[in-house]
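Here are the chains, one letter per residue:
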Amino acid sequence: MAEAKSIPRRASGGRLRRLGKAALRAIPRLYAVAVIVIVVWLSYRALAYLVVSLFTPSRAPAQITEIPTHLDEAVLRTRRADWRGVEASAHPRVPPARYHRIDGWIQPDRFNGCAQAGCHRAFPHAHRPEVRAFLNMHATSVHCGVCHLLGEAEPLVAAWYSLDSGRLRSAPTVLEVFGWMTSDEGRRQLAEPSRADQTRLVSLLRAAAREGNDEPVLREMADHFAAVRHASPDFQRLVEAAREALPRRFRGEYGAKLALVDRATGGPLLNHPGTEAAVRAYLREADTADESRRATLLAAVHPRRRPQALHCTDCHRVEKPLLDFAAAGYPPARIDMLTTPVVFRMIEHIASGQPFYLPTFVSPAEESERTRPDSLRP
Amino acid sequence: MAVGRDQHCVTSGPDPQQPWRAAGWCRGGPRRITLLAAVIGVVASVGAARGQDVENCLLCHQYRGLGRYDAARDRLHLFYVDPDHVRRLEGAHARLACTACHPRDEVAVIPHLPVSRVDCTRTCHFQGADGVERRFSHANVAAVLEQSVHAAEQLSNLSFAGGPLLDERQSKCLYCHDEPVFREARFLRWAASEAGGLGLDRCETCHREQIPTDVAYYLRHIGARLQPARAPLGQAQSCAVCHADPVFLEGRAIHNAVASFVRSFHGKAALLGEESTPDCRACHVARGEDAHRILSRNDPASSVSAARVADTCRSVACHPGADARIASAGVHLDLPSARGTLEYGLAAAFIVLTVLTFGPSLVLCLLELGQIVAGRHHGAGAAMQALTRAVLAHPEGRARLTRFTVSQRVQHWVLAVLFVLLALTGFPMKFADQAWSRTVIDLFGGLGPARNVHHWAGLALIVGLIVHAVYALTVTLRPRGTRVDAQRRAGWRALLQMPMLITPTDLRKANQLLLYLVGLRADPPTFGRFTIKEKFEYLGVFWGTVLLGLTGVVLWKEQVFAGWIGGRGMNVALILHTYEAFLAIIHVGILHIVNVMFSPNVVPLSLATITGDTPIRELAEQHGEMVVQAARDLGLAEPAGGAHG
Numbered sequence: 001m002a003e004a005k006s007i008p009r010r011a012s013g014g015r016l017r018r019l020g021k022a023a024l025r026a027i028p029r030l031y032a033v034a035v036i037v038i039v040v041w042l043s044y045r046a047l048a049y050l051v052v053s054l055f056t057p058s059r060a061p062a063q064i065t066e067i068p069t070h071l072d073e074a075v076l077r078t079r080r081a082d083w084r085g086v087e088a089s090a091h092p093r094v095p096p097a098r099y100h101r102i103d104g105w106i107q108p109d110r111f112n113g114c115a116q117a118g119c120h121r122a123f124p125h126a127h128r129p130e131v132r133a134f135l136n137m138h139a140t141s142v143h144c145g146v147c148h149l150l151g152e153a154e155p156l157v158a159a160w161y162s163l164d165s166g167r168l169r170s171a172p173t174v175l176e177v178f179g180w181m182t183s184d185e186g187r188r189q190l191a192e193p194s195r196a197d198q199t200r201l202v203s204l205l206r207a208a209a210r211e212g213n214d215e216p217v218l219r220e221m222a223d224h225f226a227a228v229r230h231a232s233p234d235f236q237r238l239v240e241a242a243r244e245a246l247p248r249r250f251r252g253e254y255g256a257k258l259a260l261v262d263r264a265t266g267g268p269l270l271n272h273p274g275t276e277a278a279v280r281a282y283l284r285e286a287d288t289a290d291e292s293r294r295a296t297l298l299a300a301v302h303p304r305r306r307p308q309a310l311h312c313t314d315c316h317r318v319e320k321p322l323l324d325f326a327a328a329g330y331p332p333a334r335i336d337m338l339t340t341p342v343v344f345r346m347i348e349h350i351a352s353g354q355p356f357y358l359p360t361f362v363s364p365a366e367e368s369e370r371t372r373p374d375s376l377r378p
Numbered sequence: 001m002a003v004g005r006d007q008h009c010v011t012s013g014p015d016p017q018q019p020w021r022a023a024g025w026c027r028g029g030p031r032r033i034t035l036l037a038a039v040i041g042v043v044a045s046v047g048a049a050r051g052q053d054v055e056n057c058l059l060c061h062q063y064r065g066l067g068r069y070d071a072a073r074d075r076l077h078l079f080y081v082d083p084d085h086v087r088r089l090e091g092a093h094a095r096l097a098c099t100a101c102h103p104r105d106e107v108a109v110i111p112h113l114p115v116s117r118v119d120c121t122r123t124c125h126f127q128g129a130d131g132v133e134r135r136f137s138h139a140n141v142a143a144v145l146e147q148s149v150h151a152a153e154q155l156s157n158l159s160f161a162g163g164p165l166l167d168e169r170q171s172k173c174l175y176c177h178d179e180p181v182f183r184e185a186r187f188l189r190w191a192a193s194e195a196g197g198l199g200l201d202r203c204e205t206c207h208r209e210q211i212p213t214d215v216a217y218y219l220r221h222i223g224a225r226l227q228p229a230r231a232p233l234g235q236a237q238s239c240a241v242c243h244a245d246p247v248f249l250e251g252r253a254i255h256n257a258v259a260s261f262v263r264s265f266h267g268k269a270a271l272l273g274e275e276s277t278p279d280c281r282a283c284h285v286a287r288g289e290d291a292h293r294i295l296s297r298n299d300p301a302s303s304v305s306a307a308r309v310a311d312t313c314r315s316v317a318c319h320p321g322a323d324a325r326i327a328s329a330g331v332h333l334d335l336p337s338a339r340g341t342l343e344y345g346l347a348a349a350f351i352v353l354t355v356l357t358f359g360p361s362l363v364l365c366l367l368e369l370g371q372i373v374a375g376r377h378h379g380a381g382a383a384m385q386a387l388t389r390a391v392l393a394h395p396e397g398r399a400r401l402t403r404f405t406v407s408q409r410v411q412h413w414v415l416a417v418l419f420v421l422l423a424l425t426g427f428p429m430k431f432a433d434q435a436w437s438r439t440v441i442d443l444f445g446g447l448g449p450a451r452n453v454h455h456w457a458g459l460a461l462i463v464g465l466i467v468h469a470v471y472a473l474t475v476t477l478r479p480r481g482t483r484v485d486a487q488r489r490a491g492w493r494a495l496l497q498m499p500m501l502i503t504p505t506d507l508r509k510a511n512q513l514l515l516y517l518v519g520l521r522a523d524p525p526t527f528g529r530f531t532i533k534e535k536f537e538y539l540g541v542f543w544g545t546v547l548l549g550l551t552g553v554v555l556w557k558e559q560v561f562a563g564w565i566g567g568r569g570m571n572v573a574l575i576l577h578t579y580e581a582f583l584a585i586i587h588v589g590i591l592h593i594v595n596v597m598f599s600p601n602v603v604p605l606s607l608a609t610i611t612g613d614t615p616i617r618e619l620a621e622q623h624g625e626m627v628v629q630a631a632r633d634l635g636l637a638e639p640a641g642g643a644h645g
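Top line first, the protein sequences correspond to chains A and B.
Residue numbering for the first sequence is 1 to 378, as defined by our numbering.
Residue numbering for the second sequence is 1 to 645, as defined by our numbering.
Any given hint could be a false lead.
Partial list, derived from the structure: chain B residues whose beta carbon lies under 8 angstroms from chain A [as the list claims (entries may be wrong)]:
{"#": "1", "residue": "GLN62"}
{"#": "2", "residue": "ARG68"}
{"#": "3", "residue": "VAL81"}
{"#": "4", "residue": "PRO111"}
{"#": "5", "residue": "VAL262"}
{"#": "6", "residue": "PHE265"}
{"#": "7", "residue": "THR354"}
{"#": "8", "residue": "PHE598"}
If you want the ones that stay clear, here's a sample from chain B, every Cβ over 12 angstroms from chain A, calculated [what the hints assert, rightly or not]:
{"#": "9", "residue": "VAL107"}
{"#": "10", "residue": "GLY131"}
{"#": "11", "residue": "ALA229"}
{"#": "12", "residue": "SER238"}
{"#": "13", "residue": "ALA253"}
{"#": "14", "residue": "ALA382"}
{"#": "15", "residue": "ARG400"}
{"#": "16", "residue": "ARG403"}
{"#": "17", "residue": "ALA469"}
{"#": "18", "residue": "PRO499"}
{"#": "19", "residue": "GLY540"}
{"#": "20", "residue": "ILE585"}
FYI, nobody ran anything at the bench for these hints, they're computed from the structure.
Built from N, CA and C at the ideal position, the CB exists for glycine as well.
Construct the complete structure from the given sequences, taking the supplied hints into account.
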């Protein structure tokens, strides 16, 4: 019996050895094949280059031509890194139709279902001249759903999603660093900072700079914090200056946007769930459908739409704002800014169709006359 | 803008609210809260803009998303204004209030009224440092522009591939200009940082009243205006908006000047971040004239007209003292469009040469790798291997079978290091448009240092070649062996017997090798000390170094050589240099590296040029004649079958 068992074991051992030997023989052959492929590819590229260099008319390279020349929607859908010309130059040329610089860039959102489905634009608000720009302003930092989708609880539970991955992530680092610097604990730590505090501050600022399209001011701030001694008066002065300057970096360039959290999936709510087929149907029939069919299609596309979008002061108010800013990672000092009612009441005043006039008493009347172009003069 | 004493601190340096922007600290005392700031103070808590934004427009306009999209015209209206540009006073216009250009009537109400066209030539008013209001206008520029090729009439009739670039109402200045940014003056870099920081702060101690102005700002302003407003790459981007647009070019029957420019050394330098290289304006605007006065090359007054172009090239700032013939060098030489010229023919000839030299080596390399894949191997016979072992076992045998002496190995590695340096500094110049090129050049500290490394490594290579030639002649002509041998090796005959020369026998063996590799011959040939591939590579290095060295020196000292060979001669030198360098790099970078590093027979590295030893198997198979000769010299018995064993 024992002999009967040992025979197949020996046979299988022999097979394994043979297989092992075959594999060993195959390795150099496979390796040679890989080297052949690489040599052929490199040689082809080299010889093709020679032929192209002589027979194909030259074109200006991407570093020069790949800059946005038209202010069209592509500008909103293209990352800064995708414009070779913008990346190559310290102060890249802005599209001719625009005069003011765009040294940073508008971070496109590739995960916003409303815009990606082909229904809405990246800057979707177009109809109400008095507020459309203010509303579009939110498109760089807030997902459409925050104002337009029904939340599952009140106050609304919102969280940040990454513009690189579309997945939930922590609050933008610039908020984190500001929160730390303005918190009681942070003030205490930074009054007598340790080396570890300095390291933390520098790394947070660098991360914030990266998230904000390589924001130069934050980067330089980090470099200066790294350059001074943590126990020096210079460090304290930098801390004070940074507390004052950081709020000016809250401009929605975080590499992330705020979205409602979908309780079912635990992820960000970036479109109406389960509406892919409805969206396709709408896009297919939108141009030809009559009013009632169109309404039916739209209802199918927007199952979770708020009947009335949120107003500014639904969230931007001191008393029980609809959006839980603290839960979204905003530090108290920033929440104070976001809920100061004056500005937002002013915008609602404008939205109601009543223009807001800037004070003129500090600006002599003749200035207006002086700067008026000749063509407009009486 | 008024810059009073109290305000000085606020605006001194790039941005006193961001002290990391300046080397020193603002010490001017408390900032003055202006009346306007107090009025607008209710909104200041959300990050009110200070600096020159007296109307606090940046309260809203600082947000990048402030804008709207006009779907009917596929036009994006962005109302964003970079607040850092204003706060850090990054350009001359950063000091202007928004209402200096946009009529207050239109923008003082929210929502703003439709804004009228900004007229850049309108007279505006601003307060000087002394508080006196002054008038300023760009009208003079418009007058100059009217004399140039970019006159208003020309700019009014442009068409582009993607449709109009500007609205009809917009200023035509926008074709070339966007919001100006101070370009840091290189010559002021040190001085400005000193003055902007400790220097000016120190002055204030005593001269607070005498310097009622923002000296750091004016230093930057004037420093920026003493040089072109844009770096060469940015300048090319600006010109390319029109001059690289296919529709624009079609309508004018002019070539893509931007594309040809970036194929020149000047253009490549611009792509690699060099700021001192000439840009479009450097040649097309005569020195001392306004930058807007670009004339047609057919205009005798143009800086690039036939009569003046030579003087433009050899101006003090560019090629001072160069011969007038330097002007015929091809700044806009685009080979595909230069058919029928000497330059085109030469490039074509070099491509044929590349195919004829690289091609056979490539075929041999691939066929050899193919043998491994097919499992075909014809090893040396047992007798030959035994003889090889016997020679190596002899006290003098190892020395006789050492294919590379210590001196030769040192020379090889010196060559390798110089070759790598030259490739790293030269290849990025050839392929300046590739992203990796800029990275590599930056590793050397920029194009200037990289060029220095390239020049001196090239010079070292030339010296190395001369040293090697002397060495080779010395070794070849040194008397050794019997008197009969010495007589036979005397004079020119010795030169013909140099071991690295390719002989008719080598060619015959190369043919045999090819036949073996394609399966038309049963056994491969065996060689002496060096195989045909090694001899071919050696001669390639010899030829390449001579050609690259000569043309490299010509290109390096262009001002000297332009007088001798003219600008066309420089073109020829450039073509020879660049194509030969390419040939050398693909030969060494692909084939040589595979043969000595990545081939399955040698991976990870052939040790022949490190220890001098060649494996027994390789000696027996490929260098059989050398083994037989050594055996004969040492009095060992030869195998019956000769070198093939």
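Hint by hint, here is what the structure shows:
1. Interface hint status for GLN62(B): upheld, as the beta-carbon distance to the closest one in chain A is roughly 6 angstroms, under 8 angstroms.
2. The closest approach between the C-beta of ARG68(B) and any C-beta of chain A is roughly 5 angstroms, which is under the 8 angstroms cut-off, so the hint is satisfied.
3. Taking 8 angstroms as the C-beta contact cut-off toward chain A, the hint placing VAL81(B) at the interface holds, the least distance being around 5 angstroms.
4. Satisfaction of the interface hint for PRO111(B) is found here, the shortest Cβ-Cβ separation to chain A being roughly 5 angstroms, below the 8 angstroms cut-off.
5. The interface hint given for VAL262(B) is met, as the beta carbon of that residue sits about 6 angstroms from the closest beta carbon of chain A, less than 8 angstroms.
6. Of the supplied interface hints, the one on PHE265(B) is violated, with its beta-carbon coming no nearer than about 15 angstroms to a beta-carbon of chain A, more than 8 angstroms.
7. The interface hint given for THR354(B) holds, since its Cβ lies 6 angstroms from the closest Cβ of chain A, which is under the 8 angstroms cut-off.
8. The beta carbon of PHE598(B) is positioned within 8 angstroms of a beta carbon in chain A (closest approach about 5 angstroms), and the interface hint is therefore held.
9. For VAL107(B), the shortest C-beta to C-beta distance to chain A comes to about 8 angstroms, within the 12 angstroms cut-off, and the non-interface label is violated.
10. Non-interface call for GLY131(B) relative to chain A: holds, since the shortest CB-CB distance, roughly 16 angstroms, exceeds 12 angstroms.
11. A beta-carbon of chain A is positioned within 12 angstroms of the beta-carbon of ALA229(B); the least distance is around 10 angstroms.
12. Distance check for SER238(B) against chain A: the nearest CB is about 5 angstroms away, which does not clear 12 angstroms, and the non-interface claim fails.
13. Against the 12 angstroms criterion, ALA253(B) stays outside the reach of chain A, whose nearest CB is about 14 angstroms from its own CB.
14. No Cβ of chain A comes within 12 angstroms of the Cβ of ALA382(B); the nearest lies about 22 angstroms off, and the non-interface call holds.
15. For ARG400(B), the requirement that its beta carbon stay farther than 12 angstroms from each beta carbon of chain A is met, with the minimum near 31 angstroms.
16. Residue-level check passed: ARG403(B) sits 24 angstroms from the nearest beta carbon of chain A, beyond 12 angstroms.
17. Distance check on ALA469(B): its Cβ is at least 30 angstroms (rounded) from any Cβ of chain A, clearing the 12 angstroms threshold; non-interface status holds.
18. With a minimum CB-CB distance of about 28 angstroms to chain A, PRO499(B) clears the 12 angstroms threshold, and the non-interface call stands.
19. Annotated as non-interface, GLY540(B) keeps its C-beta farther than 12 angstroms from every C-beta of chain A; the closest such distance is 15 angstroms.
20. At roughly 9 angstroms, the least C-beta separation between ILE585(B) and chain A is not larger than 12 angstroms, which violates its mark as non-interface.
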